[in-house]
Amino acid sequence: MAFENLTEKLQNVFKNLRGKGRLSEEDVKSALKEVKMALLEADVNFKVVRQFTKAVQEKAVGQDVMNGLNPAQMVIKIVNDEMVNLMGSSGETLKVNPGGEMTVIMMMGLQGAGKTTTTAKLAAKYKSQGKKPLLAACDVYRPAAIKQLQLNGERVGVEVFSLGDREKPEVIAAKAVEYARENGFNMVFIDTAGRLHVDDEMMDELERIREAVHVDQTILVADAMTGQDAVNVAERFEEKIGIDGVILTKMDGDTRGGAALSIRASCGKPILYVGMGEKPSDLEQFYPDRMASRILGMGDVLSLIEKAQENLNEETAREMEKKLKKATFGFDDYLESMSQMKKMGGIQEILGMLPGVGNAQMKMLEDSVDESMMARTEAIILSMTPKERSNPDILNVSRKNRIARGAGVDIAEVNRLVKQFEQARKMMKQMGGMMGGRKKGLFGGLNLPF
Amino acid sequence: MEEKKGFFKRLVDGLSKTRDNIVTGFDSIFMGYSSIDEDFYEELEETLVMGDIGISATTSIIEDLKNKVREQNIKDPGECRRLLMQSIKDQMDLGPGAYEFENRRSVILVVGVNGVGKTTSIGKLAGLLKDDGKKVLLAAADTFRAAAGEQLSMWAERAGVDIIMGQDGSDPGAVVYDAINAAKSRGTDILICDTAGRLHNKKNLMNELVKINRIIEREYPEAYKEVLVVLDGTTGQNALSQARQFQEATDISGIILTKLDGTAKGGIAVAIHAELGIPVKYIGVGEQIDDLQKFDADAFVNALFAEDQAS
Chain S
6 MAFENLTEKL
16 QNVFKNLRGK
26 GRLSEEDVKS
36 ALKEVKMALL
46 EADVNFKVVR
56 QFTKAVQEKA
66 VGQDVMNGLN
76 PAQMVIKIVN
86 DEMVNLMGSS
96 GETLKVNPGG
106 EMTVIMMMGL
116 QGAGKTTTTA
126 KLAAKYKSQG
136 KKPLLAACDV
146 YRPAAIKQLQ
156 LNGERVGVEV
166 FSLGDREKPE
176 VIAAKAVEYA
186 RENGFNMVFI
196 DTAGRLHVDD
206 EMMDELERIR
216 EAVHVDQTIL
226 VADAMTGQDA
236 VNVAERFEEK
246 IGIDGVILTK
256 MDGDTRGGAA
266 LSIRASCGKP
276 ILYVGMGEKP
286 SDLEQFYPDR
296 MASRILGMGD
306 VLSLIEKAQE
316 NLNEETAREM
326 EKKLKKATFG
336 FDDYLESMSQ
346 MKKMGGIQEI
356 LGMLPGVGNA
366 QMKMLEDSVD
376 ESMMARTEAI
386 ILSMTPKERS
396 NPDILNVSRK
406 NRIARGAGVD
416 IAEVNRLVKQ
426 FEQARKMMKQ
436 MGGMMGGRKK
446 GLFGGLNLPF
Chain P
5 MEEKKGFFKR
15 LVDGLSKTRD
25 NIVTGFDSIF
35 MGYSSIDEDF
45 YEELEETLVM
55 GDIGISATTS
65 IIEDLKNKVR
75 EQNIKDPGEC
85 RRLLMQSIKD
95 QMDLGPGAYE
105 FENRRSVILV
115 VGVNGVGKTT
125 SIGKLAGLLK
135 DDGKKVLLAA
145 ADTFRAAAGE
155 QLSMWAERAG
165 VDIIMGQDGS
175 DPGAVVYDAI
185 NAAKSRGTDI
195 LICDTAGRLH
205 NKKNLMNELV
215 KINRIIEREY
225 PEAYKEVLVV
235 LDGTTGQNAL
245 SQARQFQEAT
255 DISGIILTKL
265 DGTAKGGIAV
275 AIHAELGIPV
285 KYIGVGEQID
295 DLQKFDADAF
305 VNALFAEDQA
315 S
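For the record, the sequence lines run as chains S and P.
Read in this note's numbering, the first sequence has 401 at position 396, and its numbers run on one by one without any break.
Read in this note's numbering, the second sequence has 250 at position 246, and its numbers run on one by one without any break.
I should point out that these hints are in silico values taken from the structure, not numbers from a laboratory.
Careful: at least some of the hints might be erroneous.
Calculated pairs, DSS-like style, for lysine-lysine (alpha carbon to alpha carbon, straight line, at most 25 Å) [to be verified]:
hint : chain 1 : residue 1 : chain 2 : residue 2
1    : P       : 215       : S       : 284
2    : P       : 207       : S       : 424
3    : S       : 38        : P       : 70
4    : P       : 188       : P       : 138
5    : S       : 41        : P       : 70
6    : P       : 207       : S       : 284
7    : S       : 284       : P       : 206
Which stretches of chain P does chain S cover? Using the computed rule of at least three CB atoms under 8 Å from a CB of chain S, they are [to be verified]:
hint : region
8    : 188-194
9    : 197-211
Even glycine gets a Cβ: it sits at the ideal position worked out from N, Cα and C.
If we strip away everything but chain P, and leave its shape as in the complex, we get (with noise of 0.2 Å):
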């Protein structure tokens, strides 16, 4: 079947397709430029708002952008690429200390609105967790979409780790309960927990999600706690709006970037953490349990300008 690639080359394999528009769209503009001025802005900042950044992060990239070519006396327009690149990869940093939750008993909560890929990303996080000799446990905690906890469990059994699950329609708080005691009287060293997707502006879920939240601090306040919000890659900027209301309600910690191997180019991501500061930790490049990989800003961003096209 298909040979297991590197990171690099599945990131860039994944991306290729969305490199093809906005790297041809880069190309043309840093190429059909020779000087730097107006109109190359102006269309550099169409660009990127074409990628999904977002026009408010574009702008503040291309301000950035602007008061470095002034200060460096820049005047070539590749020059003035390597730049952007830079600031972009500065900006998407992850810093030290993203992974903690890996070294540590930890519980993972897994929160984002219908559809974004949540119990998938689980079960590759699942997958890629236990393959780093930890001991993880899943909480099937969406009691509320048909079939989910069957999925959640298919997922399990992929990755060989242990499931605790609810009856559907079940109050999803409980669940969480039985895990986290679970979790305690089988030495887990991390514990994932499956939510329902919801939408973030309808407010009973919301509050849902709150309690849960609760429920892990009072019954689980050794472990270490890690919250991450599922974002479909190919979501314009209402994931901007996702990712606000989620923090809001479970104070998020990180992002998980989904279905980046299509032709969405993920340029949101950029403007989430320009906007919130919330990190991006893994990315999604299909639907092998292999899939899942840890966050790299320079070859994220790499991939999104490298000039080659990918076959």
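This is chain S alone, in the form it adopts within the complex (with noise of 0.2 Å):
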């Protein structure tokens, strides 16, 4: 992407500033013009940029600059803080009734948004915690989306009600519902076919649905890609039937996600979940926080730290840091980071979370790692003797050679591996060191995997 990171554009406008102590009001105009077009090439609503940029200069102007950081950081820091505030607090829920009341949650959306994927992952959540969950296809239109909530419930095992193509959404329901109090289920799920928010009688159509069973909560499903439309579309949905809670789909692209600020900014209420991926796993819950970094383009550092600290065992973790310090790191640590960072989903996802890694850095970074390579990889090592994993420098051209025929590959790849080893050495020393040491509040007790 044409996307400079925002910081270091930021520390461009302060570039003649350094050691000012307090906010000025051009200081900030000039800074915010920065932060206005990182919001727009984010994809935030223009009229919700203009609105919290002018909430943020009245918040800016004259406030001193915060011991450790220069104006430029502390503009980020107003920005950032404003932000995660304007999109509410995490860890909301859909308000289920308590104990074994049924609960019905309607799933809306414009097409291709995920509703049907999304209403088989959270009913497979729900699933999970002891709900008995009841999928209704009510999608009567496009061809074959019974067949997929069906196959979609067969795979995370909730059963799935349809009356076929041929009845009403509105009597697919209520059916749906009658269905699911006879038969020991405590909550249904509605899934809806795609509609514009501007088609009157599909909007109808969903009203018709709230009159003929009652609806407990109401979900828009909305594409994390949305552009400047995201506000119309939730402002429409608002106005006509009313939204409970959002989920943002598609989030494991690497869209910048505005859509989130304006459904936000638009609607007032909570998202609630992202998705992440295809499988009914991969539903995760929102953190406003995050959220706003990714926006700003600054790395989704708090998610990476929180993955790293739920794959990883922290005790090999800290043996790893203290190999670091020792710089004793070897090529079986080298494979050991490896897999785990497999078990993170992949070394470009943990990446893409770093501030600071640009498009051509990835770039760089992907051509060198893709994952094929990484079974190579592995072959090299396990081709290595002990003593050359746990001490890499005693490589030379026999021993490469020798290497390269157990592994059958080509001189030139051990050559590159050793090469990328030394490289991930320096990096991880380097990021020991950042973690380590002064930022505190940041990443202060965590132990990365490097």
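Quick one: dock chain against chain with the hints and give me the complex.
In structure tokens form, the structure reads like this:
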């Protein structure tokens, strides 16, 4: 993407202002111009951007620059805080009726937002929490939509109620709820057809469903890649039907996801979950702070940290860190960290979450570490003697030749791996330093796998 | 039910809600200013950005406009508007040979991220080509998404064309391979290959596409190859990134821009054409089989800027 890091841009803006103790109106104005551009490039709706920057300006002018921050960082801090604030708190969930009482949830959204996939994911989530969900197939328009829901339902082990595509959606919904009551289900997820927010006839249909059954919660499923139009969509659904919660899909793409801010600002309803992939388990909680740094293009540092914590045995991590500090990090550790990276979703995902890893670097790294290469890397390392693995410096040409033969690769590949290893070691050392030191608030007490 | 509408009417209808925003925006700009000054340009820039055109394309459009205004000594904001429209039209113009695949024995590979409307667009495209007297064959190479094959086969039925299906979860390359052989033996004019939706930043899935592309090149070299990326008209700046990545994997020759019947402005197409030179060849303006239209830069821009509000 032709987008430079916002931090960098702001640093340029403030280049001549180093050491200033207070943010003047002029400073803030020129900084906010960059912020505005960053937000627009992230697809935040223009009107939302305008309101937002105005609010930030009022807050920022005259503020003291905090100790340890430069003016650029100070502006980012204010912008970030304000954005997090606007996006609400994390951990919002659906309001589900207690005990065995029935909860009916209606899913709605534009075509292709990911309703059917999300519906199954959501049902799976509640099933794992001990609820008894039923899926109601009310998309009678799109070819094979019912079949898709049935297959998804099968995959997550949740029953699907369908009356084919000849019945009216409101009739199917009513019968589904009736069926659910009679058969001991306590949640019904109504999967509706994708519809345009300006299609009055189709919007009326949602209303009719709501008249036919008592819907407890309505969920707007929205594509995270949506552009300026996100506001129109959210406003219209809120006005005509009412939205209780939002789920943002396709967040595993490389969109900056400004739609999140637009939707939140325009309908004021919480974002409950984000869709992170096509597997039933790929539905994650929404964190406003992470979303904010993603929209600002500052990397999803916090997500990375949490992912690392989730997937790593703390002890191995600590050991690794020790080794790093002592520079005894060898190929065995490299192999280990590689497999841990795999657990965290691959190196690309991890690097994508780091601030300051631009697209050019990403590209380079991607080329050097695509997944099939990982297998070859493994073969090369396994062809080394234990001594070579723990002490890479002894690798000479004849050893490398032997390794290449053993792994069935060209010696050039062995050379490349050794070089990569050296780079990785250097990078990890830097990161180790970054984590150990000053930035207590952000990285303090954390053990990354490097 | 609904009467059949002509292209322009459909486009105007489809884009009319769209225009409500962009046009009111433009109108207020053009009407509200008596002279062309920095404020005028600034607000113009904002309006273009709001149309999802993107900041970089917007900047170059405005630079272009400024130069022309200077060269031609234009004082009237209305005149300025005409110029702006013309420059976008020029930029979006398809040029000759854009639909060459219609006249040849050809294969069309259709790619895109999830949920943009690939399968639906293929169904409509098959209908369009069939109506044109072509012998069309569909390849259901989305073997990944639940019921994608069924969805395409329903479209095949609607359009009255043949389809080659694979097993769910089977190798999409094998489906394409089979379809090519079928196309050869049946004397098919145009083979259209559906593929699974994939996010452009997933390396493995993009590699799969490279492989499918290679199979087509190897097994069907005599066919004219057209690769169409389907982009959701409601998508913002990410569509650029999508176009870029898919182009890298498969050599995109055109865009199908879908969902232009809502309030989205489809401005990203302008940005993509400006930055990558990939033309829009079709637009989707609804869910019916005849709701896929050949792209017409004049009509598109006219509809986008039209002054009268269609009801």
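Now for the hints, and whether the structure bears them out:
{"no.": "1", "hint": "P/215 x S/284", "verdict": "holds (23 Å)"}
{"no.": "2", "hint": "P/207 x S/424", "verdict": "holds (23 Å)"}
{"no.": "3", "hint": "S/38 x P/70", "verdict": "holds (21 Å)"}
{"no.": "4", "hint": "P/188 x P/138", "verdict": "holds (15 Å)"}
{"no.": "5", "hint": "S/41 x P/70", "verdict": "holds (23 Å)"}
{"no.": "6", "hint": "P/207 x S/284", "verdict": "holds (17 Å)"}
{"no.": "7", "hint": "S/284 x P/206", "verdict": "holds (14 Å)"}
{"no.": "8", "hint": "188-194", "verdict": "violated (count 0)"}
{"no.": "9", "hint": "197-211", "verdict": "holds (count 7)"}
Of the numbered hints stated above, the single one contradicted by the structure is hint 8.
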